[in-house]
Amino acid sequence: MSVRTNIPPINQMRMPLWQVRVRLAWKALKGSWALFSENPVGLVGIGLIVFFGLMAILHPILMATVWGKAVYDPIIGYDIDIIVHPSPPTWIPNASTEIVSLGPISPFRHILGTDPLGRDVLSQLMYSTQSEFALGIMASLVTVLIATTVGAVSAYYGGVVDMIFMRIADVILMLPFIPILIVLSAMFDFQMIHLAVVYGILAGFGGNTIVIKSQALAVKVKAYIEAARVAGGNDWHIIFTHLVPNLLPLSFLFMMVTVTGAVFAEAVLSFFGLVNIRMSWGIMIQITQAAGYLLVSWKYWYLMFPAGLAISLLCSAFYLVGRAMDAVVNPRLRKR
Amino acid sequence: MSLLLSVHDLTMHYATRKGEVSAVDNVCFDLAKGQSLGLVGESGCGKTSIAFALMRLLPENGLIKNGYIMLDGKDIVAMDYSELLKVRWRKIAMVFQAAMNALNPVYTVGQQITEALELHLSNISPAQARERIAILFELVGLDPVLMDRYPHEFSGGMRQRAVIAMALSCSPDIIIADEPTTALDVIVQDRILKRVRELQRELNMAMIYISHDIAVIAEVSDRIGVMYAGRMAEMAESADIFDRPMHPYTYALMGAFPSIKGKRRDLKTLPGEPPDLLDPPSGCRFHPRCPYATDVCREKQPDFMPVNGASRADLTHGHYVACWHPMQGVTL
Amino acid sequence: MTQTTYTDGTLVQVEGLKKHFPVGGGLFKRAKSQIYAVDDVNFSIQKGKSLGLVGESGCGKTTTGKMLTRLYDPTGGHIYLNDMELGQVDLAEVKGMQLKTFRRRVQMIFQDPYESLNPRRTIFDTVVEPLVVQGLGDLVEREERVANLLELVGMTPADTFMFRFPHELSGGQRQRVAIARALIIDPAFIVADEPTSMLDVSIRIGVMQLMQELADRFAVSYLYITHDLAVARYMCQDIAVMYLGKLVEMAETEELLAHPLHPYTQALISAVPIPDPRLQRETIEIKGGVAQPIDPPPHCRFYDRCPFADDFCRDNDHPLLEDKGDGHMVACHKV
Numbered sequence: 061m062s063v064r065t066n067i068p069p070i071n072q073m074r075m076p077l078w079q080v081r082v083r084l085a086w087k088a089l090k091g092s093w094a095l096f097s098e099n100p101v102g103l104v105g106i107g108l109i110v111f112f113g114l115m116a117i118l119h120p121i122l123m124a125t126v127w128g129k130a131v132y133d134p135i136i137g138y139d140i141d142i143i144v145h146p147s148p149p150t151w152i153p154n155a156s157t158e159i160v161s162l163g164p165i166s167p168f169r170h171i172l173g174t175d176p177l178g179r180d181v182l183s184q185l186m187y188s189t190q191s192e193f194a195l196g197i198m199a200s201l202v203t204v205l206i207a208t209t210v211g212a213v214s215a216y217y218g219g220v221v222d223m224i225f226m227r228i229a230d231v232i233l234m235l236p237f238i239p240i241l242i243v244l245s246a247m248f249d250f251q252m253i254h255l256a257v258v259y260g261i262l263a264g265f266g267g268n269t270i271v272i273k274s275q276a277l278a279v280k281v282k283a284y285i286e287a288a289r290v291a292g293g294n295d296w297h298i299i300f301t302h303l304v305p306n307l308l309p310l311s312f313l314f315m316m317v318t319v320t321g322a323v324f325a326e327a328v329l330s331f332f333g334l335v336n337i338r339m340s341w342g343i344m345i346q347i348t349q350a351a352g353y354l355l356v357s358w359k360y361w362y363l364m365f366p367a368g369l370a371i372s373l374l375c376s377a378f379y380l381v382g383r384a385m386d387a388v389v390n391p392r393l394r395k396r
Numbered sequence: 022m023s024l025l026l027s028v029h030d031l032t033m034h035y036a037t038r039k040g041e042v043s044a045v046d047n048v049c050f051d052l053a054k055g056q057s058l059g060l061v062g063e064s065g066c067g068k069t070s071i072a073f074a075l076m077r078l079l080p081e082n083g084l085i086k087n088g089y090i091m092l093d094g095k096d097i098v099a100m101d102y103s104e105l106l107k108v109r110w111r112k113i114a115m116v117f118q119a120a121m122n123a124l125n126p127v128y129t130v131g132q133q134i135t136e137a138l139e140l141h142l143s144n145i146s147p148a149q150a151r152e153r154i155a156i157l158f159e160l161v162g163l164d165p166v167l168m169d170r171y172p173h174e175f176s177g178g179m180r181q182r183a184v185i186a187m188a189l190s191c192s193p194d195i196i197i198a199d200e201p202t203t204a205l206d207v208i209v210q211d212r213i214l215k216r217v218r219e220l221q222r223e224l225n226m227a228m229i230y231i232s233h234d235i236a237v238i239a240e241v242s243d244r245i246g247v248m249y250a251g252r253m254a255e256m257a258e259s260a261d262i263f264d265r266p267m268h269p270y271t272y273a274l275m276g277a278f279p280s281i282k283g284k285r286r287d288l289k290t291l292p293g294e295p296p297d298l299l300d301p302p303s304g305c306r307f308h309p310r311c312p313y314a315t316d317v318c319r320e321k322q323p324d325f326m327p328v329n330g331a332s333r334a335d336l337t338h339g340h341y342v343a344c345w346h347p348m349q350g351v352t353l
Numbered sequence: 019m020t021q022t023t024y025t026d027g028t029l030v031q032v033e034g035l036k037k038h039f040p041v042g043g044g045l046f047k048r049a050k051s052q053i054y055a056v057d058d059v060n061f062s063i064q065k066g067k068s069l070g071l072v073g074e075s076g077c078g079k080t081t082t083g084k085m086l087t088r089l090y091d092p093t094g095g096h097i098y099l100n101d102m103e104l105g106q107v108d109l110a111e112v113k114g115m116q117l118k119t120f121r122r123r124v125q126m127i128f129q130d131p132y133e134s135l136n137p138r139r140t141i142f143d144t145v146v147e148p149l150v151v152q153g154l155g156d157l158v159e160r161e162e163r164v165a166n167l168l169e170l171v172g173m174t175p176a177d178t179f180m181f182r183f184p185h186e187l188s189g190g191q192r193q194r195v196a197i198a199r200a201l202i203i204d205p206a207f208i209v210a211d212e213p214t215s216m217l218d219v220s221i222r223i224g225v226m227q228l229m230q231e232l233a234d235r236f237a238v239s240y241l242y243i244t245h246d247l248a249v250a251r252y253m254c255q256d257i258a259v260m261y262l263g264k265l266v267e268m269a270e271t272e273e274l275l276a277h278p279l280h281p282y283t284q285a286l287i288s289a290v291p292i293p294d295p296r297l298q299r300e301t302i303e304i305k306g307g308v309a310q311p312i313d314p315p316p317h318c319r320f321y322d323r324c325p326f327a328d329d330f331c332r333d334n335d336h337p338l339l340e341d342k343g344d345g346h347m348v349a350c351h352k353v
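Protein chains in written order, with the working numbering: chain C, 61 to 396; chain R, 22 to 353; chain S, 19 to 353.
Simulated from the structure, these hints should not be mistaken for laboratory data. Some clues are possibly wrong.
Straight-line alpha carbon distances no greater than 20 angstroms define the calculated PhoX-like cross-link-like pairs of lysine-lysine that follow [stated by the list, open to error]:
1. Lys90(C) with Lys39(R)
2. Lys215(R) with Lys305(S)
3. Lys86(R) with Lys39(R)
4. Lys342(S) with Lys352(S)
5. Lys342(S) with Lys305(S)
6. Lys112(R) with Lys87(C)
7. Lys54(R) with Lys112(R)
Please model the complete structure; the sequences and the hints are all you need to start from.
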């Protein structure tokens, strides 16, 4: 390096840089976890997410081992031995009288009964968990990518760029979410992935951007940004090295909340039959409704509650995690 | 000179998630009527904590562990809320640090002072309150018409004066000023300091002036108390602190301030940093940085002792030091 | 004044520097008035010496400092830098890649030690950033240099500090890191914007002494911006006093403090508290307070407050800086 001063070098064995960074990241993670776990709400959320994760993992295992494909396939299975579908769970007290079947039925056969098309409800529930997770994560990744980038750029450049993005955000905020999705899905063929991306885009350019932008504005005026500019950093360097890392905690929080919204949106759209997916919790309710069993009587609770509860619980789980993350993101909310 | 306030062995801790921070430890001082005491020390030395303890305005995690604060024969530490109401603002008032933030932006300044008046002086009519505020404003050098303006219409110096007026509103016997001029420009600061000193003399009020700036303290105080790491290191008349500092920290502090008058002398750094009060050093808290520290300094905490025949009972006069090896007769 | 060859002593020559900010207006509306934050300022910084820029809030000293580091683009004027390798350059005019190269010559230390370090980056990342951005050295060399500099600013052993985060350091330590960052690319001069005003008094001296030692070792000059005359006296050989965007007096430190000629300087000096109860001082009273220089009238900016002002001062333009002997410059009609 061509520098004027000669400073005698220090000879020392130092740890490679990447190793140091890994260590630091691990320490930071442990610290965040300590703060996060102070709030019981967050732990409940994490517990639920783990529970659903297990469900998703368990399904292919069960399908490969205990459950035969003919009966238990969530989409094309059909239980021939039971004559009348939908049939209640096989462990209820009066199973022999309630269930019309060709022979004796083991109480573990259908833990949550069968749906009007003869498929096992529990299998459907567990199978859908995979796609719900995929949907949620995909949507939230898209949202975070868009909201963080747009928020940072908008805050940094200001002026016309800022104005355009903020007006887009205003328009999106004004429009009612679900009707827009309904209209879009009526025009295009929506599959899970399309829904995820579209939801992510709408959420990304909408309210989330405004919040992230205001956080970015607070960061933009800090002295270390000026120091980076004095050192010779160009705009991109400042945005990606300084601005975005300070926004990521907030983005992560939004990620959690986006999952909630995406899962819920999918449920609504599936209920209206507007999404081209073969199986999801929303589809389960939609089938129930189409066959005329929705809210008819308590006898058919197993057709409504499992799917509805699953949607509510998964949405709540991510929301609760988001709330508990507030303490990690916002130092002022921490207990002394 | 009658004794007004007596603080004895005041000890205060903050409970934090990492443990208890020993913010104030066995602090003793007395204040006589009309006397001005300056508390000087670095940030974290406990001077602001003492001010809050005197007003009983400590946050939830601030615990007074020991000691008493005697005012008019009653112990402030033991008072309940109704008794405190009679003491606060009427006997002791405070001018907070960052006075800009002490004013509520959605009310006029007059309304805020009226609130203080109504709370602490029962049966004061709105008209009487306005009259009183007008007098107060003139006392601090503000145009009385400003009482109906909002804080954002005031400049920094004017806001400071308004907050001082608020503190004076119930004619307290003691006023505590916590770094009131830190954020102000030199010329404005000078005016306010002069006015505060004049007021203090005119109204014969006792004052506790807290600052880290020894130049300001020197101009405003009759007596100076030097604090370090939660303890009172030395206390004496202002001139004595400068002429005959006895505690090594005081001596080091004197040498650390640049001045525009006198010879341009070389300043001496004090090595190290103030200690972490979560786990303070054993014995004398200054020993890690003290050039004269010996074994006894590391083991036992020195008592706050009178020097040259000063009284043990009445700390309003005389020279006091907490040091095993006080420096004798050193002039700068 | 035009570009001329300067003597070997001058490092930076500032001529006619201006910065005006529009008031009101926006994307589609033109501003009606201007704030004359810095108006026609001239001074020079000598090699091996430091200049103190002194004044109260709103006088334009921080804005001037930011123009020297091109955080603000000047509205007018020139900043001539005499660089050893590249000759004389006008910092006010350079753009693009040239600007980036010249950023190596000028660095800045900021006032707030809590805000000038990115809380999410390690000390190493913060100090090495100028090298990374300027593309200097490979990883090994950079690590070496960061370690060296941390040791020089007193953060020893460097290894224990390199991978800490700002919140684990005290204010004084953070400011030392900021100094290391400013020095790492070997600048010719550093703009220090009140670097010690937010530090504890006993820490201040240590940081100021460090800055002086490093100034000698690295052959760096400082533009030391402060409102504290005592600190300026300690750090700088020359002092320039600013008021409402104009330079009103400039002289060698001791000369300025002993014989202030401009009424504002006199009032300022008389208002500084003295850390000695035995010495008395008499304040020179000036009325009113500092306002913002929005569309100021052409006469002397100090006219409203000056105790010596008269009709001549009101009827004529703002006085120019004149040499009253031995390099003691004053801008006043009455001197």
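Query raised in the report: Looking back at the hints listed earlier, which ones does the structure fail to meet?
Result: Numbers 5 and 6, in rising order.
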